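Participant: Spelled out, the chains give:
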Amino acid sequence: MAEILTYKSEITKAMNMLAQNPKVLFIGQTVKYPGSVISDTVEGVSENQKWEMPVAEELQMGMSIGLALQGYIPVTIFPRIDFLLLAMNQLSNHLDVLDELTHGEFHAKMIIRTIIGARTPLYPGIQHCRDLTVTFQKLLWNIPVAKITEAEQVMPTYERALKAEYSSLIIEMAELY
Amino acid sequence: MIKQELISFEDDIALLFNEGVIHSPVHLSKGNEDALIKIFVEIKPTDWVFSNHRNHLHALLHGVPADWLKKEILENRSIHINNAEHRFFSSAIVAGCCPIAVGVALAIKKQGGTDKVFVFCGDMAAHTGIFYESVRYSEGFDLPITFIVEDNGLSVNSPTDETWGDDYHGDKISYYDYKLGWPHSGSGKWLKF
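So the protein sequences, as listed, match chains A and B. Letter by letter, the first sequence follows residues 959 to 1135 in this note's numbering. Letter by letter, the second sequence follows residues 5 to 197 in this note's numbering.
Keep in mind that the hints were calculated from the coordinates and are not lab data. Do not take every clue at face value.
What the hints assert, rightly or not - Coverage of chain B stretches by chain A, computed from C-beta distances (three or more under 8 Å per stretch; other residues unrestricted): (1) 85-99; (2) 102-112; (3) 167-176.
To be verified - DEER-style ranges, computed between Cβ atoms: (4) A:V1013 to B:K7: 42 to 52 Å; (5) B:P163 to A:T1107: 28 to 38 Å; (6) B:S12 to A:L1097: 41 to 51 Å; (7) B:S189 to A:Q1111: 20 to 30 Å; (8) B:P163 to A:Q978: 26 to 36 Å.
If you're wondering where the values come from, they're calculated on a predicted model, not measured in any experiment. Glycine is no exception: its CB is placed at the ideal position from the N, C-alpha and C atoms.
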């Protein structure tokens, strides 16, 4: 009997797949502590591959670049895409243009994971559920932006991001969880 | 490098700039040599140095070869000199390097390394939110990092104290603590709609 893929279980499977790489470090808010859909999906990841952050999005994005410069592959997680806007300085002015900025001297590869908040069954307000995919696609010159709209896309998207030499921005949809 | 070598290097760059040979902004550092020479005595070649748009002397003192640096400047990259071999990173975004440097320092600590991270920034950068967050985090986790503020009192030509207001006492905050009796969101009960 064919396995029925569900969005959340595929995301969880993808996180476990990423964690097989010892260079991967999951960094963000609610990676160690409950509080968003994120925490459930990284429950199977060992504690030493998780790094809980305070609410400091630009700091987190900059630190993720620094961790990458030292050999880590950060999976840097922003529980809502609305909050990722606060990290735009580091994302756009550094990570996205790092090759040109450093003339190829430095390379930082990471996976940025974020989520479009659900509008139902509870409406969280305009600051917590906008789909900003196009905004990021237009702003980023080099980092590919992928929105995962169905369960079947989850594993291939994350596998591609892990294999790639460049950084990726992956957007999930909480309504499909 | 000794002081006179630093001065000669920048005089040479200034001359090339004045002759129109360099087609990008350059930011020179005359007057900063003595302090920097003293600071760099403590910085090992394997340590990371994070700098900013005014980076020539930082690079030279960290061992970046003068001829390589001059070539970069001539290729119009003065404001973001970067050299991986010498672990020298710079960015022309004010305070932009601070959180990146924190990440490198965190990685060094997690990996059990002994190298250190040094971040140079100006006095206006030291008033930004990201500078505060970077320092706060580094202190909180006792990371191997030092932030060095080079205070010339200006950002471009804006006086730092005048633009921020110089009557700062930190007395505009009222602070108290309490224990939250509910979960972060909702009531703790799952509802089915």
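Participant: Next step is simple, just say for each hint if it's right about the structure.
Facilitator: Hint check:
Residues of the stretch 85-99 of chain B with a Cβ under 8 Å from some Cβ of chain A number 6, which satisfies the need for three, so the listed coverage holds. Remark: the stretch 102-112 of chain B is confirmed as covered by chain A, as 11 of its residues place a Cβ nearer than 8 Å to a Cβ of that chain, reaching the required three. With 0 residues bearing a CB less than 8 Å from a CB of chain A, the stretch 167-176 of chain B misses the requirement of three and the coverage assertion fails. Distance hint check for V1013 of chain A and K7 of chain B: the Cβ-Cβ separation is about 45 Å, which falls inside the suggested range of 42 to 52 Å.
As the Cβ distance of P163 of chain B to T1107 of chain A is approximately 52 Å, the hint placing it in 28 to 38 Å is violated. Against the hinted window of 41 to 51 Å, the Cβ-Cβ separation of S12 of chain B and L1097 of chain A comes to about 43 Å, which satisfies the hint. Distance hint for S189 of chain B and Q1111 of chain A: a CB-CB separation of about 29 Å, consistent with the stated range 20 to 30 Å. Between P163 of chain B and Q978 of chain A the Cβ separation comes to about 54 Å, which falls outside the hinted range of 26 to 36 Å.
Of the hints listed earlier, those the structure fails to meet are numbers 3, 5, 8, in rising order.
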